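Peer 1: Sequence:
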Amino acid sequence: MTRFVQPVPALDDPYATDALLRSWLERQLGAAGHAAAKGRLADLAADVVGSLRAAHADAEAHPPTLVRYDPWGARVDRIDTSAGWQAQRAAAARHAVVALPYLDSARGTWGAAARVVQHALLHLYGPESATFSCPVAMADGAAALLSLPDVDRDVRDAWLPRLISTDPATAITSGQWMTESQGGSDLARSSTIGRPAADGSWRITGEKWFCSAADAAMAVALARPEGAGRGSRVLAPFLVPRYAADSPLAGTAAPDAPAPGVTVHRLKDKLGTRALPTAEIGLRDAYALPLGDPARPGLVRAMTLVVVTRVHNAAAAAGGMRRGLAHALAYAAARHVAGGALTASPLHRATLGTLAVDAAGAFVLAGHAFALLGRVEVGADPAAAAELRIVAPLAKLATGRLAVSSASEYVEAFGGAGYVEDTGVPRLLRDAQVLPIWEGTTNVLAMDVLRAVSREDAGAPLLRRLAAAVDLARPLSPTLADTLAAATAELRAALAGVTADPQSVAVVAGARGLALRLAHALTAALLVEHAAWGDEQAEVAARLWARRWLRHEDVAADAHHHLDLLA
Numbered sequence: 000m001t002r003f004v005q006p007v008p009a010l011d012d013p014y015a016t017d018a019l020l021r022s023w024l025e026r027q028l029g030a031a032g033h034a035a036a037k038g039r040l041a042d043l044a045a046d047v048v049g050s051l052r053a054a055h056a057d058a059e060a061h062p063p064t065l066v067r068y069d070p071w072g073a074r075v076d077r078i079d080t081s082a083g084w085q086a087q088r089a090a091a092a093r094h095a096v097v098a099l100p101y102l103d104s105a106r107g108t109w110g111a112a113a114r115v116v117q118h119a120l121l122h123l124y125g126p127e128s129a130t131f132s133c134p135v136a137m138a139d140g141a142a143a144l145l146s147l148p149d150v151d152r153d154v155r156d157a158w159l160p161r162l163i164s165t166d167p168a169t170a171i172t173s174g175q176w177m178t179e180s181q182g183g184s185d186l187a188r189s190s191t192i193g194r195p196a197a198d199g200s201w202r203i204t205g206e207k208w209f210c211s212a213a214d215a216a217m218a219v220a221l222a223r224p225e226g227a228g229r230g231s232r233v234l235a236p237f238l239v240p241r242y243a244a245d246s247p248l249a250g251t252a253a254p255d256a257p258a259p260g261v262t263v264h265r266l267k268d269k270l271g272t273r274a275l276p277t278a279e280i281g282l283r284d285a286y287a288l289p290l291g292d293p294a295r296p297g298l299v300r301a302m303t304l305v306v307v308t309r310v311h312n313a314a315a316a317a318g319g320m321r322r323g324l325a326h327a328l329a330y331a332a333a334r335h336v337a338g339g340a341l342t343a344s345p346l347h348r349a350t351l352g353t354l355a356v357d358a359a360g361a362f363v364l365a366g367h368a369f370a371l372l373g374r375v376e377v378g379a380d381p382a383a384a385a386e387l388r389i390v391a392p393l394a395k396l397a398t399g400r401l402a403v404s405s406a407s408e409y410v411e412a413f414g415g416a417g418y419v420e421d422t423g424v425p426r427l428l429r430d431a432q433v434l435p436i437w438e439g440t441t442n443v444l445a446m447d448v449l450r451a452v453s454r455e456d457a458g459a460p461l462l463r464r465l466a467a468a469v470d471l472a473r474p475l476s477p478t479l480a481d482t483l484a485a486a487t488a489e490l491r492a493a494l495a496g497v498t499a500d501p502q503s504v505a506v507v508a509g510a511r512g513l514a515l516r517l518a519h520a521l522t523a524a525l526l527v528e529h530a531a532w533g534d535e536q537a538e539v540a541a542r543l544w545a546r547r548w549l550r551h552e553d554v555a556a557d558a559h560h561h562l563d564l565l566a
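Just so we're aligned, residue 0 is where the sequence shown starts under numbering that gives the first Met the number 0, counting upward by one.
For the record, the hints were derived by calculation from the structure and aren't laboratory data. Values in this document were obtained by computation on a predicted structure and should not be read as measured data. Relax, there's no trap hidden among the hints.
Label pairs and their computed distance ranges (CB to CB):
1. Tyr418 - Ala89: 30 to 36 Å
2. Ala187 - Ala35: 45 to 51 Å
3. Arg194 - Met302: 21 to 27 Å
4. Thr1 - Asp563: 32 to 38 Å
5. Ala82 - Thr169: 16 to 22 Å
Built from N, CA and C at the ideal position, the CB exists for glycine as well.
Can you make the complete structure from the sequences, with help from the hints?
Peer 2: Quick look at the structure:
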């Protein structure tokens with residue numbers, strides 16, 4: 000008897016086959032702007048289905064290792080990474096995944112919408128980057144922080160060009176050393192202390208508990224300037240060189256030796272993101288450069304970095320959902336059950352169609368955050384800044400949760416094969432689980448949303464967008480317009496309650512639910528906006544999203560019917 004082996008087709012080009020991505024770019028960039036981006040996107044997509052897919056597999060198969068001592072007993076704290084990880088590093092530089100929004104040529108071509116093109120690059124690159132998308136995010140955040148006008152020019156000139164280099168030989172990434180074991184996201188309990196040195200640099204001492212991209216050439220670390228007092232607002236961001244080559248204190252140490260005062264205690268053994276080196280790091284009078292004036296409360300400066308990494312988190316969630324859907328669709332087309340292809344099963348089609356609705360929603364929500372970020376950076380648009388204040392945490396928290404639930408479905412869509420490590424499918428779920436955690440859990444972000452609403456009236460721009468979407472939806476579908484109008488009215492009342500008494504038990508206890516309802520309504524509005532522009536897929540997705548997430552209806556039958564359009 001011949002042993003059956005299930006054929007699984009390779010995935011198609013992720014740019015050419017993603018109709019929503021291409022129509023979104025057409026609308027956001029205009030026909031000429033999209034045409035200018037096509038070559039860059041097509042080149043990256045070709046690498047993704049070729050060399051980067053192999054690099055991804057290699058990096059996952061050979062996770063990083065920590066070498067504490069050399070053969071003669073000298074402490075080296077070297078983190079060895081695979082050839083696949085290094086290939087991902089080179090590709091990120093070569094394709095300008097970090098650099099694009101900072102390049103004069105890109106801003107000259109697309110203006111503020113250079114961030115829209117970057118989001119498209121991340122959408123293609125991230126899902127099979129072996130989570131190199133994480134150091135990409137932190138490098139981008141560090142570049143944004145270094146770009147602030149109150150950062151010393153010499154520090155900026157020394158480090159920013161390296162972060163945004165498109166030459167793999169010179170490009171670097173950044174880590175992010177903020178949390179400590181006793182406080183985690185409660186930064187007010189941070190105990191890392193910074194002390195000024197005579198030459199204008201600083202020395203920082205403390206223990207950092209969750210340091211991703213621990214092999215990066217630099218990190219942005221939070222420290223409490225000596226004598227600054229308690230609380231989180233006074234914390235200041237510092238640039239810490241990771242290696243001796245960049246530390247004036249290193250003396251004759253080898254360039255790739257750790258910078259003096261920087262000790263890697265251990266690498267984290269994590270549920271997922273296993274190719275990404277994440278460490279516990281000790282600092283003892285480590286050389287550091289202030290990013291801005293440490294005498295002024297610095298947490299608000301550090302939030303420049305955090306906003307960037309939060310929208311990157313949303314992009315990673317949306318990109319992973321889309322690629323997971325592509326995997327599940329390819330498998331369904333190849334797998335035969337009950338005498339026919341699995342993709343012909345109405346039940347399985349309904350499941351995949353519902354997942355496609357969620358993927359479309361996550362994509363437009365992340366895409367909107369990037370568009371706002373570009374308008375803030377290039378045009379100093381105050382309206383965009385006000386909206387981004389609430390959209391960044393909403394996009395991050397909502398897409399993170401969607402990514403986990405979708406990844407679970409993708410694993411299930413493969414049956415037993417989805418539970419077997421060497422198929423690569425279990426990684427989808429393991430890696431998705433970090434997305435609701437990194438840069439703030441759902442509850443932490445929900446509290447951030449409450450603060451934005453009560454202190455900065457951040458709900459106002461959101462309500463205006465929802466109200467405008469109601470009018471746009473009316474010609475498309477009166478039912479959709481009525482659903483969105485009802486959600487807007489409910490949210491307006493809820494936000495008024497937050498403003499009236501932001502510390503009440505009812506408001507605080509309900510923060511997560513309110514944040515998710517805001518995100519779901521905003522996503523419906525964004526799909527409506529794209530549908531009103533003329534995108535049929537967005538129109539179907541808007542109707543099904545509103546029914547699924549605003550009216551909590553079962554959309555299985557319609558999702559089955561529209562799968563071919565949605566996917």
